[in-house]
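Each chain is listed here by its residues.
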Amino acid sequence: MTMDTEKLIERLAEIVEPVRPLARPWIRTTAWLLIAVP
Amino acid sequence: MKRQSDDQALTTLMQAAQAGDARAYVRLLKEITPRLRQIVRRQRSFVSAEDIEDLVQDILLSLHAVRATYDPQRPFMPWLMAITRHRLADAARRYTRRAAHELQVENLPVTFSDEGSNIDSDGYRDPEALKQAIEDLSPAQRAAIEMLKLREMSLKEAAAAKGTSIGALKVSVHRAMATLRKALIKDS
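Protein sequences, first through last, are from chains A and B. Counting in the numbering used here, the first sequence runs from 1 upward without gaps. Counting in the numbering used here, the second sequence runs from 39 upward without gaps.
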């Protein structure tokens with residue numbers, strides 16, 4: 001990697017977009033079970 | 039106490055970054071970069087400054103790629119440390135893989151692959167001259183050379199075969215080698 005770390009930070013900030021945080025593990029597990037278990 | 043408030047500040051910044059706040063994201067990354075540098079330097083004290091910077095950038099890129107996996111209800115630093123551990127382990131694996139395919143050469147060949155440039159070869163260049171030089175040796179010296187150098191017998195075996203002592207055999211072979219060296223240098 002040759003890019004300066006400061007530049008990398010600026011570049012990452014330029015492309016940052018809102019993300020939806022993952023749901024809590026127990027919610028994900030429940031959702032998975034509801035789908036997987038017939 | 040300070041650490042807790044620091045972590046709380048980072049958590050707040052990360053939450054804002056997840057919402058797409060670029061300024062908060064820059065602040066967060068600038069805040070954690072020196073800490074990451076310090077952690078990497080402590081854990082990989084043998085690597086160069088450039089490699090440390092590469093690892094720090096690798097961690098920042100990973101953080102960016104997986105930022106959605108951060109749970110805003112939880113503290114930020116343990117999550118960052120988990121990413122750091124994984125990136126350091128990956129780097130160690132990469133290094134090991136690369137090292138496995140590299141050959142450390144300590145003694146570089148001093149001759150070229152072209153035969154003409156190889157002046158020092160295993161075989162003697164003029165076997166006829168060597169044969170003649172061996173024939174010119176005294177019988178005792180010739181026998182010593184034949185047994186020890188040509189037939190590769192041990193000193194004990196040669197001494198037993200010739201019915202002489204090991205010391206006398208050593209003297210014979212030493213004198214024979216000196217005579218051969220002189221004869222062959224004179225010839226060349």
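Source of the hints: derived by calculation from the structure; they are not laboratory data. Note that the structure is a prediction, hence the values are computed from the model and not measured. Among the clues, some could well be false.
Unchecked claim - Pulled a few chain A residues facing chain B out of the computed Cβ check, cut under 10 Å: (1) E17; (2) I35; (3) V37; (4) P38.
Said to hold, decoys possible - Straight-line C-alpha distance at most 25 Å; calculated SDA-like pairs for lysine to any residue: (5) A:K7 x B:K187; (6) B:K220 x B:A198; (7) A:K7 x B:R82; (8) A:K7 x B:L168.
Stated by the list, open to error - Here are the simulated distance ranges between beta carbons: (9) B:K68 x A:P25: 19 to 25 Å; (10) B:S86 x A:A31: 28 to 34 Å; (11) A:V19 x B:R73: 18 to 24 Å; (12) B:V85 x A:P38: 24 to 30 Å.
Just so it is clear, CB atoms sit at the ideal spot from N, CA and C, and this is done for glycine as well.
- Task: Hints the structure violates: just list their numbers, smallest first.
- Result: Numbers 2, 3, 4, 5, 6, 8, 9, 10, 12, in rising order.
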